[in-house]
Structures are given as structure tokens and as C-alpha cells.
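Novice: The chain contents come next:
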Amino acid sequence: MTLIDPLIALATRGVTIFLMVAGLYVVIARGNMVKKLVGLSLFQSSVYLLFILPGKIVGGTAPIIDPAFEVYAHPLPHVLILTAIVVGIGTLALGLALVVRIREAFGTIEEDEILAREDAVRVERDE
Amino acid sequence: MATPRGILAIEPRRRRVLAIAVVVLLVLVGVDFFVEHHGAFGIDGTPGFAAWYGFASAVFFVALALGWASLAAVRGGRRDD
Amino acid sequence: MTDALAAMSPAYPLIVGSLAVLLFRRGVVQDALALLAPLAALALVWLVPEGTSVPLQWLGLQLHPVASDWLARLFGTAFALAAAAGVLFALDRRSTMERAAALLYAGAAMGVAFAGDLATLFVYWELMAIGSTLVVLAGGASQAALRYALMHVFGGILFFAGLGIVAAEPGGLALRVFQAGSPGSWLLLAGILVNAGAPPVSAWVADAYPRASWSGAVFLSAFTTKAAVYVLIRLFPGEAVLVPIGLFMAIYALVYALIENDIRRMLSYSIVGQVGFMLVAVGIGSEHALAAAAAHAFVHILYKSLLMMAAGAILRATGEIRLSALGGLAKLMPVTAAAMVVGGFSLAAVPFTAGFVSKSAIMAALADDHAALAWFLLTAVSAGSFLYAGLRLPFFALVNGKAPDTVAPLPVSMKLAMLVMAAFNLAIGFSPALLARLAPPIGAVKVLSADHILFQLQLIVAAGICFGVLLKLLAPKSRITIDFDWLWRELPAAVLGRLIRARKQLQGFFEPVLTTARSGIGERFPVWAVRLLEAGNWRTGDIALAATALLGLALLVAAV
Amino acid sequence: MIAAHLPVLVVLLPLFGGLLAALSRHNEAAFWIALVASIATLAAAAALAGQVMAGGPISYRIGGWDPALGIEYRIDAVSAPILLLVAAMGVAAIVYARRSVTVEIIPERVAWYYTMMLICLAGLLGMAASGDAFNIFVFLEISSLSTYTLIALGRDRRALLAAYQYLIVGTIGATFYVIGVGLLYLSTGTLNFGLIVERLPEITSPRALIAAEAFIVVGIALKLALFPLHAWLPNAYAYAPSSATALLASTATKVAVYLLARYLFAVFGIQRSVGPISVADALMALSLLAMFAASLAAIFQNDIKRLLAFSSVAQIGYITLGLAIANEAGVTGAFLHIMNHALMKGAAFMAIGAILISAGSSKLDELAGIGRTMPVAAGALTVAGLALIGVPGTSGFVSKWYLVLGAIEAGRLWLAILIVASSVLAVLYVGRILEVIWFREPAKRSLEAQAVPLSLLAPTLVLAALTIWFGLDAGFPVELASSAAKALLGVSKGALP
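Chains as they are written, first to last, in the UniProt record's numbering: chain A, 1 to 127; chain B, 1 to 81; chain C, 1 to 560; chain D, 1 to 497.
Derived from the structure by calculation, the hints contain no laboratory data. Yeah, the Cβ is synthetic: ideal placement off N, Cα and C, and Gly gets one too. Be aware that one or more of the hints could be misleading.
[What the hints assert, rightly or not] Pairwise CB distance ranges, derived in the manner of DEER restraints:
hint, chain 1, residue 1, chain 2, residue 2, range
1, B, 17, C, 426, 20 to 30 Å
2, A, 15, D, 285, 32 to 42 Å
3, D, 412, C, 480, 21 to 31 Å
With these hints in hand, go ahead and build the complete structure from the sequences.
Specialist: Spelled out as C-alpha cells, the structure:
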């Protein structure tokens, strides 16, 4: 029991960092707007782990006071992340809604295509 | 007697005007001898100083200007933008 | 009543007039307003009581927006007269922008003359730069206007930097006499000298003024350089370094004026030369010399406006301003011809013109101070001035050559303006006491004495003989001569051109290496540079990358 | 009784106003709800500012919880002017929106539009009022989400793109911020500002703190469009509805600057060096870059809204520069410019909005001579432009004056000269606008421009008048700004080892 827990902690830490970097990379590298949003969600999830991880105490249980248990997980990070998850869902929903509207308006959700088209329009107008 | 050429070629009308100017200058220099001067540097109080100094400086500056103009001429136009 | 007047700067009517002009369409009302503004300013110049107004507290500074003494009144009178005559001359010009800009410009110059502290002075100083740039711009030459603006921005920055330093001295923002010694006062002096057209930036005058409209140049010739002289009299009287600078300007300008073909460029060079005279007098610094410098500035505004008007009239009537293309205008444009002769003679200090009075005052001050070098050089320059202003200009424009068949008729307003200015020039010439009333310290010099007149007559007749002999050499020719503006117009391009050529050679050498490198990440960089400056649409990913890069950089730096 | 709950009311009023407006589903009703809510908010903010000025900081505990566990709202001399500014600009933008939305928003969405405006206000006010780092994140996201919606409601389809781009970038910024907060929480065990500052000296290893600082500062810098993280801003401002642009330009970035000042001065310490350079130096370099590069970019814009947006990036540079100077005059200048720039940019965006509504274009080359047909709007634009340059007699001069003063007091004359020199670039881009709108012969669009209703121009004129008023009589804003500066500098001592 106590042997595995530090390993889990280490693994979770690795996952946190991996999610953070991978999410950010997807946002930077992908031109597809939906994929970008997926990357953004990954990136945000890493934050959830970042907060919750230190709240976990080895051997602790859910923070519900009961005479049977003495060690509890720290409740505050969980509460905070509940809020953050709600915010993340809101962002994702709004982002997807925008992508739908962009698809209607431009006919594509590839950012590079749209920008190339807009630039072409601009150059044409300027000349 | 050969007709002068080049820059000193002087047409008759200009020669007349120049002659009058020279006479006027001579008269002015003559009068200068009878006027009291207040020169501050010595030489500038002598009669006729302004006449020769004026002529000399005019020639000097014409030479300077034309010399500079030929030295510092810009080839190819610019200016009118 | 007087208390209320004491807080009224003569600049206000002009600035209000400038704004009011914008509110009305072209027409009688706008004309009347434009004429009234300088006259109201002139009245205020003499109504504002002498002394400093009650200080104004603003942002913790003690400001004195209005301070009056004889010097301020002298310059104020000159500025108001120049503005009034200029507006009259330009009455027929269809450009509301130029009119508003000219009034603003005049108002700012007036504000400089009546400023009671350095901060107020600086504000009007910058306003003057804006007004004059707009006047140049109204002539349509946007490139020249840009160069002009940049030059004044440069001067303004120098001035401001100096102001920032000297404001920390015990004297604070008070107007006081500086010695060019500390960095602050040097910067201040340099900033003022830029506006005065001193070397090595003298060429801006002849670069910008001839590109204004036929009326715009009249305003331009009056204010900026003379305001700089005024500020020098206030802040740097007796600054020895001004003497060589002024002498250089006088000789430099004479050389260029003698070979110049464009009349208004010639007159612009002449401004630099005459300001050189004033700078020498300021550098001498005796009470008498300072007053002579001020008086000469006053008179210079009178005759240079007159000459610029004559040049403008010729440009308007014939569409031509090059001496080589003009000739025989005396019969066709008698009023203009008379104006040009009176103005030119006044510039060359022919006896019984205003120029003779003020130049005599300067020479007398130099003699009193035993400044031999300056005296002999400036006397020589005087003789040379007659060559171009009194002879070359009128001869080739008005007498020599073939007259055009017809010229466009001039409106009465233009003729009237020239007649008024010519009358001022002659009035002061015949009655020097008029000028001595404005500048009391020069009252002691007896100007119209026999030996003075005789001296000057000999000088100009001798110069005239020289002109008669060397006429062919001085004939106008279309040519371009290198000037200081080479420093900022040609040098950068030449250096850049060489760099580009050098780069090309290097490129040939390194090309193979570069191509391989470029196929990698290298290609992104130019794109980045362009995107940073231009408004090209960024990819979302690029913004995110920029943020990540900044974060990474911060973390890296912190980890070191 | 009510007075005691003001710190939370100032946030709740617009929040509930927004909910009401959404429930009403009726355009006219939504406007009146929004107007009443925003005016009540302004009154609350003014009362708060009065209390703070008279009696010092106010602390309010939500639900009576101890700050170590619960959320504390804290209004002090730094946040009071920000609350006042945001609330006031909210009223102005909502009054302006009444006429502008009829042209710019399809009728079914007008009620939602007011809802979003109010919620955005609530978020911004919450960020300024809250003393809890995580709570600030929540408000940051509330304001951001509503902002994305506001931008997406713009007429041009490019508004959608701008909103999407801002959503991605804004979320990254907010996430960076919350990561930084998480690291702070890990090291101090608290989210309360006051407690964080108290516990900082006990921390032995500053490594996590430095990481926290990097994340928080970069996150906020994204939100305030600090150069070179500004690229989302021009499109967002250019294509959003006019009233939204006016609101965002004058409030959103300003609150972010406030937050940056809070963290840099109170928590991390601005003079501390991170590696070889100090935070202040880095901020100063970026600010100078912003002032010059963004002004340069503004000169080449043809769309006036975009031009003004680039000018905003440059002006934010002035504000952050004031913070980086970090003496009393400099920080006073920064806070003054926060307020003054909000007023002038608000006026400018409202004026160009009126022109856009009436003439149908905000392109410079199509608006030649618009000053003749729309003198009032063009006049307001002119006043705002002059203030952007910093012409004496406008508020812009006063704030630049303090910045220059701060630079000189810090012994950095070159900085003062650069500040003045960068104003020259403003002369160029403003001069271009003025020349075209006043002195050119009217273009076709200008001649066809319709008269705009007074209610559209009234808030514009009020802001323009304030711009001149605060230029001539700067007493009130200077007092607010200098007490903010004193409060910030007072607590900056001994922040971090």
C-alpha cells in the first residue's frame, strides 16, 4: 500500500506535465479549430490535476467527518477545481459554438485557410 | 583692336552704366576725404576704405560661390519631391 | 481691467482666430476673422502691462503664461504685423487649412515672445512646429513637410531634454541666463539652434520654405527663426560660441544665395544669413548688441515678408519661380517690382531703408566691442548681400531677359499687402527713431550721419561695379549644389546602398550555407518581424507560441 | 446596513441585473434593467471610493468565513479608482448601446447583448474587488466568457474569428494565471492576498514562487495585451460591436493592468531581480517596445477602429512603463493613464462607432471630409486624438507629464526623452486621421452620412468633455491615482527575499 502510493504520485505528476505540454502543443500546432479546442481542454485538465494532487493525503479519505477515520483529503482544492471544471466546460461550449458559427460563415474550420483567404482579400483591396 | 571675348565681353549699354557707376564711386570717394570718420579699427576710418573693401569682398564672394558651386555640384537631379 | 489684461497673452486672439476660421466657410466672415485676429493681438501686445502675470499653479508648477517687457513687445509687434500683412496677402488663397495653420503658427510665435517661464515657452515652441508644418503641408509637398516635421521634432527633443535637466536646477522653470557649460544648457542651446537654422542643419530652411504655397512662404519666413533669435536673446545673451556660428551662417548663406536659381530658395538662404548677423550680435552680448539683434530681427521680418510676397506674387502671376526662366517683369508687374526692389535694398542695407538702420546698429555694436574679425567679415558679407538681393535678383527677374506675353492679374489684396510692407520699410529707413522707440538701447546710435551713409554707399556702388563686370558669371543657371541636407537625405541612402551591395556580395558567398539553414526553422524569422510591425493577421497558434515562449524565457532566466 | 455590504453589492448588482435582463427576453426592458443596474453599480462604486478615501481599506468576508478558508473582498485605494472607472464606463457604454445596437445587433439578440455587457461588468468589478487569488480567476473567466460573446456578436463575420482567437488566447492566459495561483497556493497554503503576503517571508525555497510569478505575469500579460502578446486585440476591437469595443477598450485591459500591479508590487516585488535582470527592467523593455512598435503599426492602418486598437496597445505600454518606473510619480502616471486613457479611448471608439453607424464605414480613405457632415462626432474624435498625442490641455498630457516626471526622478533622462519621442508617432497617426476627416474634400460616403441621434453622441461628448476637463483641472484624478500609487508602493517593501 504505502509502497505504491509514491509511485502513483510520481506517475500523476508526470501525467500532469504531459497533459500541460501536449495540450499547449496541440493549440499551437494544429490549424483545425476543433482540435485546438481539444488541446485547450487537455491543457486545462492538467491544471485540475495540479491542484488536486497535493490535496490527496496518503491513507486519507473523502473529507466527510466520521469517527472511523482520522485522515482526510484537503477539501479546498477539490472545491476550487469543481469551479474550474465548470469554467472549462463553459469555455469549451462557447468555443464549439463559435466554431459552428465560423463553419457557417466561412465554410471551413481550418484557420490557415480562412486567414489565407482574408489576407488575399486584403491584398486585393489594398492594391 | 580685338573685341574682348568671354566673360568680359561687355555690350555698349552695360559699358555706359558701368562708366556712370565708376564716376559715382569716384565722386563718393572724393567726398569721403571731407567727412569726419569714426573708425574703430584704424583702417576702416581711412577715406575710400569702403570702396575698395566692398569691391574686393564682392569679387571674393563671387569667386568663392562659383568655386563652391563647381566643386559641390550634384550630378543627377533630386530636390523636387 | 488691467488685472484681467495682465493674464491675457497676445497669443490668444491668434489661436482663437485659428480655431474660429475652421468654424466658418470661406467668405467674408472668415476673411474678417482672419484679419481681425492679428490686429487684436497687436492691440494686446501694447495693452498688456509690463511685468509678469500672476503665477498659475498647475500640476505643482508655477507657470507664468504672460510676461511683458520691451523685448517681448518688439517681437510681438513684428509677429503681429507679419501675421496681419501675411493674412492680407493671402486673402485670395483658397485654403482654409493654410489660413488656420498660419494663425496658429503666428499665435504660437507670439506665445513664445510673451512666455514667462520655460514650460510655457516649450509648449508654444512645439505648437509653433506643428503650425509651421501644417503651413508647409498646405502647400502640398508632403515629403518636404515630413522632413521639416522630423527636423523640428529633433530640435524639440533636444530642447525638452535640456529643459528636463535645467528644471532640476535651483532656478527651476524661471527664464534666466544660461552659460553653455552643463549638459542641460548645451542641449537647450542645441535645440534652439536647430530652429535658428544653424549648421549643421541649416539646410532645412531652404529645403522646406520654397515648397510652401505662394502665400505660405510669407508666413514661414517670419516666425520660426526669429523666435529662436528671441529665445537666444533671453536665455543665452553673450554666449561666445554664437559668434563663430553666426559668422559661418552669414557666409554659408551668402555663397548659396549667390548661386541659387529658385528665388524663394535664395530668399530662404538669405534668412539663414541674416539670422547669422543676429546670432553674432547675441554672442557679443552687450546691452546695445542685444537690442541691435532684436531690432534687426524686427526689420528682417518686415523686409523678408516683403520679398517673399514679391516672390509669391511672381509665382502666382507667372507660375514660375526660377530666375533662369523669368525676366522683364518690371513693366508687367510694377507694384511687385517696386516691392522687390525696396525689399532687396532693405536687405542689402541701402541707406534710407529699414535694413540700413538695424544693420548699422549691429555694426556699431560690433565696433564698440572691438570684435574686429566679426566686423570685417560681416561688412564683406554686407557687400555680397547687395550683389544678390539688390542686383542679381531684381536684374534677372525684372529687367533682363524676355518678358512673358501675359501674366495673371493680381488681386488688390496682394498689392495692398506689399505696399503696406514697403511703406514700413521706408518709414523706418527715413525715421530711425521709430525703431529706436521699440528697442530703446539702440537710440544712442546716430544712423543717418554723413559718414555712415557715405560708407554704405561706397560699399554698394563698389559691389555694383563688381556685378556689372561679372554679370555673365552670375547669370542664373539651373543647378543643384550639395548642401547640409546631404547629411540626412543622401548619406543614409548611400550608406544603405553600400550595405545592400555588401550584403549581396556576402550573399553570393554564403548562399549555399544559407539555403540549407533556411529550409529549416530560419524561414520563420522574417515572417515574425513583419507580423510584429504590420497588422498581418496572426494565427492563433502563433499568439499561443509567443506566450509560451515568453513564459519559457522567464522561467529560463529565473532558473539561471 | 446596505453600506456594509457595498463591496459585494458592487459585483452582485450587475450580475443579477444580467440575469434579469436575460430572463426578460425583451429588448427595451433589458436596456432599462441594464441602465438601472449599471447606475446602481456606479453609485455603489462611488460610495465605496468615498469610504476608502475617508477611512482606509474596507474588508468584507463573504458568509463570514475566515479569510484563511473563505473569500475576502478587499477595497483599498488601489482598487477603488478601478471600480469607479469600470462602473462609470459601464454606464456610458450601456447608454451608448441603446441606439447603436439597433443597427449593429439583430433584434433577437439584443437582450442577450445587455446580459453579456452586465456580466462582463460583474466579472471585471469582481476582479478588482476580490482579495482572493482563485476568486479572481473565476471572475476573470466570467468577464472573458462574456467578452468573447460580445465580440462574436459583431456584424462582420471576421468578428467570429476574432472571438475564437481571443477565446483560445484568453483561456491560455487564464490557465497560466491559475497555474501560477496553484503554485502560490502550494507554497503558502492560502489564496488570500493578505495572507500570502504575510507568509511569503517564511518560504525557504523561492523556486516555486519564481515559477508562480512567471505563470501569473505572462497570464495577465496576455489579458492586458502586453506587447508581443497583443496580436488578439486589434481584430477583437475592430470587429466587435461599437459599444462593446468602447466598453472593452476602456475597462478590460485596465483591470488586467490593475491585477498586474497588485501582483508585482504587493506579492512578488517589482525591483527583485530574476536571474540577471529585474522584473522592472523586463517590463520596461516590453513597454517601450509596445509604445514604439504598436504606434508604428498604427500609422499604417486604414481602418480607424484597427488604428485605435493598435494605439491602445501602445498606450498600454505607457501604463506598464509607469509601473516599471516604480516610483511615486511613475505609478501615479500609470494609474492616471489607466483612467485618462479609458476616457479618451472610450470617446474615440464611440465617436468612430457613430461614424460607422451613420456613414457605413470606418475606413480612413472612405471617410474623407466627414468632419463637415458629422462635426460633433469628428470633434469628439479630434479631442480624443489630441489627448492620445498628449497635447497640453487634454488629460493625456497630465498622465504623460507624470510619467516623464517619474522617469526623470528615477534618474533616467533617456526614458523621458523616449516617452516624448514616442508621442511623435502618435502625432503621425492622429494627424493622419485629422487631416483626412477635416481637410480633405468630402468623399461620397461622407456626403451621404445621416445625422446621428443625440443619445448616441451624448456619452461620447461627456467622455470627450471629461478628457478636456481632466486636462485642465487634474485635481480629482491625480488624487485618486497618487493615493493608489502610495498604497502600492507602501506595501511593496520586503515582499520577497
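Novice: Identify every previously stated hint that the structure contradicts and give their numbers, smallest first.
Specialist: Of the numbered hints, just 3 does not hold.
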